[in-house]
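Residue 259 in UniProt numbering sits at position 259 of the sequence shown, and the numbers go up by one each step.
Simulated from the structure, these hints should not be mistaken for laboratory data.
Any given hint might turn out to be false.
When the alpha-carbon atoms are kept at most 30 Å apart in a straight line, the in silico DSS-like pairs for lysine-lysine are as follows [claimed, not checked]: (1) 204 / 176; (2) 183 / 67; (3) 196 / 183; (4) 196 / 67; (5) 190 / 243; (6) 190 / 202; (7) 94 / 183; (8) 190 / 174; (9) 243 / 204; (10) 49 / 202; (11) 204 / 190; (12) 118 / 67; (13) 36 / 183.
Label pairs and their in silico Cβ distance ranges [to be verified]: (14) 183 / 113: 30 to 38 Å; (15) 114 / 150: 17 to 25 Å; (16) 261 / 171: 43 to 51 Å; (17) 206 / 9: 20 to 28 Å; (18) 28 / 151: 44 to 52 Å; (19) 14 / 121: 39 to 47 Å.
Computed from a prediction, not measured in an experiment: that's the story for all the values here.
Note that CB positions come from ideal geometry on N, CA and C, so glycine has one too.
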Amino acid sequence: MKTDQSLRTVIVTRYILPLREGGSLPALTEADDDFKYVLKFRGAGHGVKMLISELIGGELARFLGLKIPELVFANLDENFGRTEADEEIQDLLKASTGLNLAMHFLSGAINFDPSVMKVDAETASKIVWLDTFLTNIDRTFRNTNMLIWNRELWLIDFGASLYFHHSWDGWEEKAKTPFLMIKDHVLLDKATELRKIDLEFKSKITPEILSSIINLIPDDWLHWRDTELSPEEIRTVYFEFLKIRLENSEIFVKAAEDARL
Numbered sequence: 001m002k003t004d005q006s007l008r009t010v011i012v013t014r015y016i017l018p019l020r021e022g023g024s025l026p027a028l029t030e031a032d033d034d035f036k037y038v039l040k041f042r043g044a045g046h047g048v049k050m051l052i053s054e055l056i057g058g059e060l061a062r063f064l065g066l067k068i069p070e071l072v073f074a075n076l077d078e079n080f081g082r083t084e085a086d087e088e089i090q091d092l093l094k095a096s097t098g099l100n101l102a103m104h105f106l107s108g109a110i111n112f113d114p115s116v117m118k119v120d121a122e123t124a125s126k127i128v129w130l131d132t133f134l135t136n137i138d139r140t141f142r143n144t145n146m147l148i149w150n151r152e153l154w155l156i157d158f159g160a161s162l163y164f165h166h167s168w169d170g171w172e173e174k175a176k177t178p179f180l181m182i183k184d185h186v187l188l189d190k191a192t193e194l195r196k197i198d199l200e201f202k203s204k205i206t207p208e209i210l211s212s213i214i215n216l217i218p219d220d221w222l223h224w225r226d227t228e229l230s231p232e233e234i235r236t237v238y239f240e241f242l243k244i245r246l247e248n249s250e251i252f253v254k255a256a257e258d259a260r261l
């Protein structure tokens, strides 16, 4: 599978502060390009699988025309953070030496508030479709994972997507299942154009596009203790899972429509 896409790689130069509202303890950092980034650590929570979800979800959202801050690979030197006083943070930094994932920091952005901020039906349908395709459990009223920046809606945090990869068994059948947790999606009631968006997105997401995004996953993130599969074999599972799910989109679209009624 060839790729014609790429992500920039930066070197983390400064740890600014932890963002403790995130369950995986992401952090605001600065890199050698003088930009600030929200850094997701390979040593946190679900580790590299969370980073893979972020990468696939974010780049697929960008391809489909949704707003998402730039993603970059972020290198963390083994000596980074040795002077950090907080032991929990220092342990996290030590466990995250090497390649991590970071998202461009949108300075001045505010959290999306569904009670006061309106989203049109087409945009809502695009976001709901993508989240049910990716089985993203974390875009709810409690935690919208959306920002308003420059008066536009931006998506963040796909780390809770593709949860099938936490248990490889039966992934083929899992690809064909409805996503029942879509009932809790913050934009579900506005998503009245799911059928239209389903046709549009299925025509756009070609096997070549899926391949190019999945091939962005570094080999370094694909050496897992819970499987004997090689990095390329793991990539193939991601590709086949998403391909099968796309071919059977009627299942998850109908489930989303039923949940909205």
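Structure-based check of all given hints:
Distance check on the hinted pair: residue 204 and residue 176 sit about 20 Å apart at the alpha-carbon level, within 30 Å; holds. A distance of roughly 23 Å separates the Cα atoms of residue 183 and residue 67; the hinted pair therefore holds under the 30 Å criterion. Under the criterion of a C-alpha separation no larger than 30 Å, the hint pairing residue 196 with residue 183 is consistent with the structure, at around 20 Å. The straight-line distance between the Cα atoms of residue 196 and residue 67 is roughly 20 Å, inside the 30 Å bound, and the hint therefore holds.
For the hint pairing residue 190 with residue 243, the CA-to-CA distance comes to about 27 Å; that is within 30 Å, so the pair holds. A hinted pair counts as satisfied when its Cα atoms are at most 30 Å apart, and residue 190 with residue 202 qualifies at roughly 21 Å. Distance hint between residue 94 and residue 183 is unfulfilled; the C-alpha atoms sit about 39 Å from each other, more than 30 Å. About 27 Å separates the Cα atoms of residue 190 and residue 174, which keeps this hinted pair within 30 Å; it holds.
For the hint linking residue 243 to residue 204, the alpha-carbon distance of about 13 Å falls within 30 Å, and the restraint holds. At roughly 25 Å between alpha-carbon atoms, residue 49 and residue 202 fall within 30 Å of each other, so this suggested pair holds. Proximity of residue 204 to residue 190 is assessed by CA-CA distance (about 23 Å); at most 30 Å being required, the pair is judged to hold. Between residue 118 and residue 67, the direct Cα distance comes to roughly 16 Å. Compliance with the 30 Å bound is thereby established for this hinted pair.
At roughly 35 Å between alpha-carbon atoms, residue 36 and residue 183 are farther apart than 30 Å, so this suggested pair is violated. Hint check: residue 183 to residue 113, Cβ distance near 21 Å, so the stated range 30 to 38 Å is violated. About 19 Å separates the C-beta atoms of residue 114 and residue 150, a value consistent with the hinted range of 17 to 25 Å. As the Cβ distance of residue 261 to residue 171 is approximately 30 Å, the hint placing it in 43 to 51 Å is violated.
As the Cβ distance of residue 206 to residue 9 is approximately 27 Å, the hint placing it in 20 to 28 Å holds. Take residue 28 and residue 151: their Cβ atoms lie about 23 Å apart, and the range 44 to 52 Å is violated. At roughly 42 Å, the beta-carbon separation of residue 14 and residue 121 lies within the given 39 to 47 Å, and the hint holds.
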